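Trainee: What follows is each chain in one-letter form.
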Amino acid sequence: MKLIGYLSALLPLALVLHFTGSTALAQDKAQARIQASSIQILMVQSDEVKLPVEFQLALYENLIEQVQKTNKFQHVYRDGDTAAANAADLVILHSNVYGFKKGSEGKRQVTTVAGATQIKVHCLFTEKAGKSELAQDVTGNVRFIGGNLRATFDFAKKVAQIVVTNFQ
Amino acid sequence: MEADISILLETGHFYFALTFVSNSLCRGQEERTMHETDVQIGNSRLDEEKSNMKMFRALTILFAATVVSMGVSSLAVPCLAQDAKTGNVMSFADTKQVLGLEGLKHNVTGTLAVENASLVFTKGKKKVVVPAATIQEVMTGKDTERTIGGTVGTLTMFAPYGAGRFLSLFRTKIDTLSIEYLDPSGGVHGAIFTLPEGNALDAKKALLSQGAKTSVPVEVEAEAQAKPKEKKQ
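Which chain is which? The protein sequence lines are R and D, in order. With the numbering used here applied, the first sequence corresponds to residues 71 to 238, in that order. With the numbering used here applied, the second sequence corresponds to residues 19 to 251, in that order.
Bound conformation, chain R alone (with noise of 0.2 Å):
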């Protein structure tokens, strides 16, 4: 009976808890995310590496896609695109990337293990001002199904997934 009355006792003091640590939470995350009605996406650069030229047009383009499909920001703009300057609450992506391995498709398709082709990019969001907003590392991979060129859809699609996750 004691045991119960304890149990009872605690039982709405958890309630409370919980629900109010959980509303924290989701005002902490709400918090960090970054406000930006607009973005720029510039041309990835290669600077550690070499990168073939029909793979740095390819993640370009697939960046913007992808991130256009998101629906998170009113305007997306190219790498030159002068409507920029006047836009305000701007964030630009800059992408370097910093590690390549061309695999082969026939390998894939045959060995299953072997052939896989990898992008490692390295990815700054960064005010109009040049302030880092958010960076993270990113990695493309084609393992199995697909072109080589299928890499940069799937860093692409990685990019989408953070830009979903950290901007309101």
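There's no promise every hint is true.
To be verified - Just so you have them, the derived chain D footprint on chain R, three or more residues with Cβ under 8 Å:
| no. | segment |
| --- | --- |
| 1 | 118-131 |
| 2 | 145-152 |
| 3 | 166-179 |
Everything labelled a hint here was simulated from the structure, so no lab data went into it. These figures come from a predicted structure and were not determined experimentally. Just so it is clear, CB atoms sit at the ideal spot from N, CA and C, and this is done for glycine as well.
Chain R is fixed; fit chain D onto it per the hints.
Mentor: Coordinates of chain D only, in the frame set by chain R:
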């Protein structure tokens, strides 16, 4: 039977000849086993041999189909750059737009043309025009793709006895053409095309002659692409 095969071969029906041979071989063996089973072999052995025969026949047909499709693909379509000679038009049929052109889906096959100081990609009624003067970079490369690709190619991955893996060994050489161009507001765009082998450099030459820019001259790229071949020799 030999006369039938020779007629088929003479008339160029290589695939039918192969199928005919395989069928006739299988039929003969099946007949033999039928006789033996009545006397000696049990039902399970008969089933096993029948399934083996079916597998052999299926593999023979698959092999013949592969050989024929490869032969036809190399002979049939005139994939070379067709210099239309209508003014300054130069068109490249069977060009795949991998990505990058506005208003088109990825991996669309159409015709790439260089005409009136523009790059024009046509797919059915859809036509995308990129002025050559806005093209900042043109690069070419070489690659390979599966001879049997697309949905059928993906489905073959699930074929039994590793047939899909075997078919993926058959690959077609292709050229890649990558361009970087600017839109009216100054935004950078990139587009990637794949063309039948030996056409990318011609396309690049045509684009450069119409006002496109590049950081790597055609001659340098041609030399760079020829080097791996020399090493092999």
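Trainee: Hints first: check each against the structure and report whether it holds.
Mentor: Verification of the supplied hints:
With 8 residues having a beta carbon nearer than 8 Å to a beta carbon of chain D, the segment 118-131 of chain R meets the requirement of three or more and the stated coverage holds. Using a Cβ-Cβ cut-off of 8 Å, 6 residues of the segment 145-152 of chain R lie near chain D, which meets the minimum of three, so the contact claim holds. Restraint check on the segment 166-179 of chain R versus chain D: 3 residues with Cβ-Cβ distances below 8 Å, three needed, restraint holds.
Comparing the model with each earlier hint shows no violations; every hint is respected.
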